[in-house]
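2 protein chains.
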Amino acid sequence: MPRRVAVIDLGSNSARMAIFERTSRLGFFILREYKIKVRLGEGAYENGGVLQDAAMDNVFCAFSEFKHFIKLYKVNKVLCAGTSALRDAPNSSVFINRIKNELGLGLKIIDGKMEAFYGGVAALNLLSPLSEATTIDIGGGSTELAKIKDGKIIDTISLNIGTVRLKELFFDKKDISGAAKFIDDMLSNLPNGFNSANIIAIGGSLRAISNAIMQIKKHPLKLVHNYSYELKEHSSFIEKLAFANVFDLKDFPVKKDRYDTIREGAMIFSKVAKRLGGKKIHTSGAGVREGIFLSNLLRPGIKFPQNFNPSLRSLQDRFIETSNPNTPKYAKILFDVLKPLHKLDDKYANELVIASKLYSLGRFLGFYSEHAHSSYIVQNGLNYGYTHEQKALISAIIFYQGKLISELGEFKELLPSIDEVRWLSFLLGLAKAVNISDEMEFSFVNHALHIKGIKNFFMVKESIKKLVKPSIFAITFD
Amino acid sequence: MPRRVAVIDLGSNSARMAIFERTSRLGFFILREYKIKVRLGEGAYENGGVLQDAAMDNVFCAFSEFKHFIKLYKVNKVLCAGTSALRDAPNSSVFINRIKNELGLGLKIIDGKMEAFYGGVAALNLLSPLSEATTIDIGGGSTELAKIKDGKIIDTISLNIGTVRLKELFFDKKDISGAAKFIDDMLSNLPNGFNSANIIAIGGSLRAISNAIMQIKKHPLKLVHNYSYELKEHSSFIEKLAFANVFDLKDFPVKKDRYDTIREGAMIFSKVAKRLGGKKIHTSGAGVREGIFLSNLLRPGIKFPQNFNPSLRSLQDRFIETSNPNTPKYAKILFDVLKPLHKLDDKYANELVIASKLYSLGRFLGFYSEHAHSSYIVQNGLNYGYTHEQKALISAIIFYQGKLISELGEFKELLPSIDEVRWLSFLLGLAKAVNISDEMEFSFVNHALHIKGIKNFFMVKESIKKLVKPSIFAITFD
Chain R
1 MPRRVAVIDL GSNSARMAIF ERTSRLGFFI LREYKIKVRL GEGAYENGGV LQDAAMDNVF
61 CAFSEFKHFI KLYKVNKVLC AGTSALRDAP NSSVFINRIK NELGLGLKII DGKMEAFYGG
121 VAALNLLSPL SEATTIDIGG GSTELAKIKD GKIIDTISLN IGTVRLKELF FDKKDISGAA
181 KFIDDMLSNL PNGFNSANII AIGGSLRAIS NAIMQIKKHP LKLVHNYSYE LKEHSSFIEK
241 LAFANVFDLK DFPVKKDRYD TIREGAMIFS KVAKRLGGKK IHTSGAGVRE GIFLSNLLRP
301 GIKFPQNFNP SLRSLQDRFI ETSNPNTPKY AKILFDVLKP LHKLDDKYAN ELVIASKLYS
361 LGRFLGFYSE HAHSSYIVQN GLNYGYTHEQ KALISAIIFY QGKLISELGE FKELLPSIDE
421 VRWLSFLLGL AKAVNISDEM EFSFVNHALH IKGIKNFFMV KESIKKLVKP SIFAITFD
Chain F
1 MPRRVAVIDL GSNSARMAIF ERTSRLGFFI LREYKIKVRL GEGAYENGGV LQDAAMDNVF
61 CAFSEFKHFI KLYKVNKVLC AGTSALRDAP NSSVFINRIK NELGLGLKII DGKMEAFYGG
121 VAALNLLSPL SEATTIDIGG GSTELAKIKD GKIIDTISLN IGTVRLKELF FDKKDISGAA
181 KFIDDMLSNL PNGFNSANII AIGGSLRAIS NAIMQIKKHP LKLVHNYSYE LKEHSSFIEK
241 LAFANVFDLK DFPVKKDRYD TIREGAMIFS KVAKRLGGKK IHTSGAGVRE GIFLSNLLRP
301 GIKFPQNFNP SLRSLQDRFI ETSNPNTPKY AKILFDVLKP LHKLDDKYAN ELVIASKLYS
361 LGRFLGFYSE HAHSSYIVQN GLNYGYTHEQ KALISAIIFY QGKLISELGE FKELLPSIDE
421 VRWLSFLLGL AKAVNISDEM EFSFVNHALH IKGIKNFFMV KESIKKLVKP SIFAITFD
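These protein sequences, in sequence, are chains R and F. First residue of the first sequence? That's 1 in the working numbering, and the numbers climb one at a time after it. First residue of the second sequence? That's 1 in the working numbering, and the numbers climb one at a time after it.
Be aware that one or more of the hints could be misleading.
Note that the list lumps identical chains together, so a pair holds whenever it fits in one copy or between two copies.
Unchecked claim - Straight-line distance between alpha carbons at most 25 Å, and here's what the computed DSS-like set of lysine-lysine pairs gives:
| hint | residue 1 | residue 2 |
| --- | --- | --- |
| 1 | K455 | K303 |
| 2 | K217 | K469 |
| 3 | K403 | K343 |
| 4 | K37 | K452 |
| 5 | K222 | K412 |
| 6 | K255 | K469 |
| 7 | K67 | K461 |
These are computed hints drawn from the structure, not numbers from a lab.
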């Protein structure tokens, strides 16, 4: 697979393009994203799905513009998929031929189950793992569900409920109860196998709702991906949004360019999530485009290898020239050796080891305040596969790495206790200090940590003496 | 010159090593810095300059440790210079041979005028330009001065006044007035040609004093390099520090590891700066090590080409794969075309153009919040050659780039008026939006900006419409 891959996704509402950059075989990040509201579905729902000329011209212009950026960024491969509006359209093939002949883009219609599958692939690989969950991807023309269980996608379905569809058929005619009935009818045949307490929310409308909740709750992290909330706590807010007067939308923390279909999105989500028995909502910033990219990248499989994280790898690829394997190795050993003292839950060894792989990211920007730069890069670049609590903890371990912590600051609500953060950051500071030798030995005897292997390293010993110990014990250099 | 170069500088107080990483022919940044307090001068000043065995052993250990990191970072070239303590020592050659034979490091003694010259080279190339200035580099054994005029180093001198020297000869014996007299005697023969209103402060003691003043003034930027202050405003603070009781140092915002010689440094600085008629103090984080590196890099010259900035280049080298020359080009044209409207001082075109070369730095970390990442990287990586006011402005232009600015935030005191920042950030937003075409044309007629060349670019026009215009005028797309 080439280094840069663009995935274009043509929905009923928007045409979107993401440019993925691979930084190694499986490491990647998103270099650019583009969105044009082409409203391909406009006028179609009342005309038997027939695409209107003006709408098709919009798409043509949008794709021409995308092509410009494909060239600018030297993208080597373009995958181009059309969803609900194209599926519904009797005149789609004329349009697809025009795109092929005049722009050289091979636009493929993907069926509803495939669209649901791609959403599932994105969620499966790019969210922190859930043993059971159902994705809900609400688009302009349709809504896709994928049931995930034990790391597999076990069922998919596509429902002809979408925001633009509801808007044109009901909301624009002020027939709100008609919209509600339409959704209820569609959901009556939904198999119970899709029920799940964990709901994965995909698509622009659901990201907007999660963003609104993050703002209301003053959530300390900015990125919406992997943000979770309890449905019970926010269901009345979502319903209020669904039934709001359009002129009152300005009172909701929602961006203007979402006003046109956010009420429809909120209504669909509210009803589908309730129908599935959803309790906890997990937001996915990744959806169909990521799913298409990953299906190509991981072919013939659909999953990353066990313990592989594409963000972790990609940050290492981009920012760390040579990673020092001693740091994570010693971090884990020190965690175990000092266990009688710190008594931390074993699960935190994971975050400590990840922090010890990423603490030097910031060196790429410069030596001064390396710890702060690394912490910033983790907060903003370790996007996939970790909960916000994990990201905050990894970032805090790296920020402090054995320095004095008097209070935990803005991420406090996401972090474990200050003593636990002190211990983990101390362990990183220590592992980092001793990483210069491949043959260190550690033992904890008589309330003293004995470190063997750096007797002649003056500077290293000085830096260890400067670490703030989280409890009272001696350190000796043998 | 190889990619990685280490420069070791052995003073009377510390052995320091900086690892420079070249990112292109002349672009570079500092990858790592190390410091070990070896106290080579310890005991020497009262023994005719003879280096003591314990002190030499300290240096030997320090250099062994440096060698470890030289290997770890695959450094291709090591430059190793000894200053005052070695110059004074009758037994230096034995020591230099030991270092050569056992560690393979070629330690060279540089004479006082050369040491002053290296400080001058660093200041000349890495500080924002001053038409006339004198560097003061205070070390453990000596103090070096270099007079800079019109971009040339026109005179240098080395004085045997240093912090460790004063400490051992006077301060340790509580003979503070003896120290003052010693300095005054030394300064009585200093030629008047070194007098200058602009003083460039080099060395650890003077960085510590500048850092203290930055803390007192709650300066919004963290890096001390290129921080300036009025001597008159802070001379009483510096004198208070010079004459403080050692037990009262904790009341000064100075780090503990500076306590041992900060009073001596403050006294020397206070007297030398006054003697030179200094009015404005410019802090240089760069000194002898940078001077040695640059003299090798720029040989046979000692200056970067006109308009070349090594930090700007190095940030581009590291973070921007292909820079788009249209952005700075259009930024400058738009600045000129809209001049009747914005009426900005022409000097700001410079910061606008630099911002338009660096606005996409953050894309390397990821697409989301690119503007914030770029702004962060500028604040922390655009180290050399700009005043703090320039850095703050470049960073603000990039952060806002045409978005709504309701207040200027923490950097307000360093920035021009909010209207000027609005205009500059709008101009960047506009230049960035239209950079996709090589053949744009702009004109300002009848209170309307006419933009020619993007008529068919839907997304580009949308993004221009979203920019917050800093005054009332129309934009048309022809």
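Violations among the numbered hints, reported as their numbers in ascending order: 1, 2
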